[in-house]
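K.L.:
Sequence:
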Amino acid sequence: MKHAFEFIDRGDTKNKNVSAGKTMMLDKGLGLKAVDDLLVTAGEYIDFVKLGWGTAATMSDELIMVKNQKYADHGIIPYPGGTLLEVAVLQGKYKEYLSEAQRLGFKGIEVSDGSTQINVEKREQLIKEAREAGFFVISEVGKKDQNLDHQLAIAERVALINEDLANGAHFVIIEAREAGKNIGIYDEDGNIITDELDALAANGTEQLIFEAPLKKQQVNLILRYGKDVNLGNIAFDEITSLATLRQGLRGDTVNKV
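Using my numbering, the first residue of the sequence shown is number 8, and each one after it goes up by one.
Careful, some of the hints might be misleading.
[Claimed, not checked] Straight-line Cα separation of at most 30 Å, DSSO-like style, residue types lysine-lysine; simulated pairs:
id	residue 1	residue 2
1	Lys102	Lys77
2	Lys40	Lys77
3	Lys263	Lys188
4	Lys9	Lys40
5	Lys234	Lys114
6	Lys223	Lys151
7	Lys114	Lys135
8	Lys234	Lys222
9	Lys114	Lys129
10	Lys114	Lys35
11	Lys114	Lys102
12	Lys151	Lys222
13	Lys114	Lys222
14	Lys188	Lys234
15	Lys114	Lys100
16	Lys114	Lys40
17	Lys222	Lys263
18	Lys100	Lys135
19	Lys77	Lys135
20	Lys263	Lys9
21	Lys114	Lys151
22	Lys222	Lys9
No lab work stands behind these hints: they were computed from the structure.
Assemble the whole structure, with the sequences as input and the hints as a guide.
P.N.:
Written out as structure tokens, the structure is:
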């Protein structure tokens, strides 16, 4: 694609043929017209689309299939939120879940236990079965409940990350929910807890996706790890904004990336 103002040097000239930071967008129920508009304006800057938590189960299968095809046609991997998987596992319906996800055109599966308890052995099984079924697998580390998340020690998070990657997950998401406050690597004001971030990133960030719904989080992570850091839970109307941060086209990152 030819861009406007191409003569301007920028930190990232990202397109689907250039290696750059992955961006995961949160779709909380976009309609088809909204998806079309989004893909025209910012489709090239999206790598993954998560149909948040259990929203995919509230829409018609025809709508989901059309949306997923639109995303896939733009080289984007759509996947249902991990909460829906957790409900399916809780009800003993994981095989049916994978079959339905395939029928609906999802290309990825998120494996998480943010709202339930899934032991390490079961987690390994879920990842491997999703891989065997042909899905791109993204796991998630962290709890939705802030009190439970605070009880999860850094060493436990690191161990889960390493185990998930060893078992076949392509990426591991660091939980921060939609608000990005008082959970995971963020304090109650949404600021990064540096010691925890350093520990999680000790083995590299290439296969980590940091949920960063707030602008200041996106800025700080880009300045810390560079424009190619992987970021998630980005709102649909913040995709272009994030692209400008990655490319040094917004005041926060001008001449810094």
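K.L.:
Next step is simple, just say for each hint if it's right about the structure.
P.N.:
Now the hints, each set against the structure:
no., hint, verdict
1, Lys102 <-> Lys77, "26 Å, holds"
2, Lys40 <-> Lys77, "11 Å, holds"
3, Lys263 <-> Lys188, "26 Å, holds"
4, Lys9 <-> Lys40, "24 Å, holds"
5, Lys234 <-> Lys114, "26 Å, holds"
6, Lys223 <-> Lys151, "21 Å, holds"
7, Lys114 <-> Lys135, "15 Å, holds"
8, Lys234 <-> Lys222, "14 Å, holds"
9, Lys114 <-> Lys129, "22 Å, holds"
10, Lys114 <-> Lys35, "18 Å, holds"
11, Lys114 <-> Lys102, "16 Å, holds"
12, Lys151 <-> Lys222, "21 Å, holds"
13, Lys114 <-> Lys222, "28 Å, holds"
14, Lys188 <-> Lys234, "23 Å, holds"
15, Lys114 <-> Lys100, "19 Å, holds"
16, Lys114 <-> Lys40, "21 Å, holds"
17, Lys222 <-> Lys263, "16 Å, holds"
18, Lys100 <-> Lys135, "16 Å, holds"
19, Lys77 <-> Lys135, "27 Å, holds"
20, Lys263 <-> Lys9, "24 Å, holds"
21, Lys114 <-> Lys151, "24 Å, holds"
22, Lys222 <-> Lys9, "27 Å, holds"
This entry satisfies every hint, going by the numbered hints stated previously.
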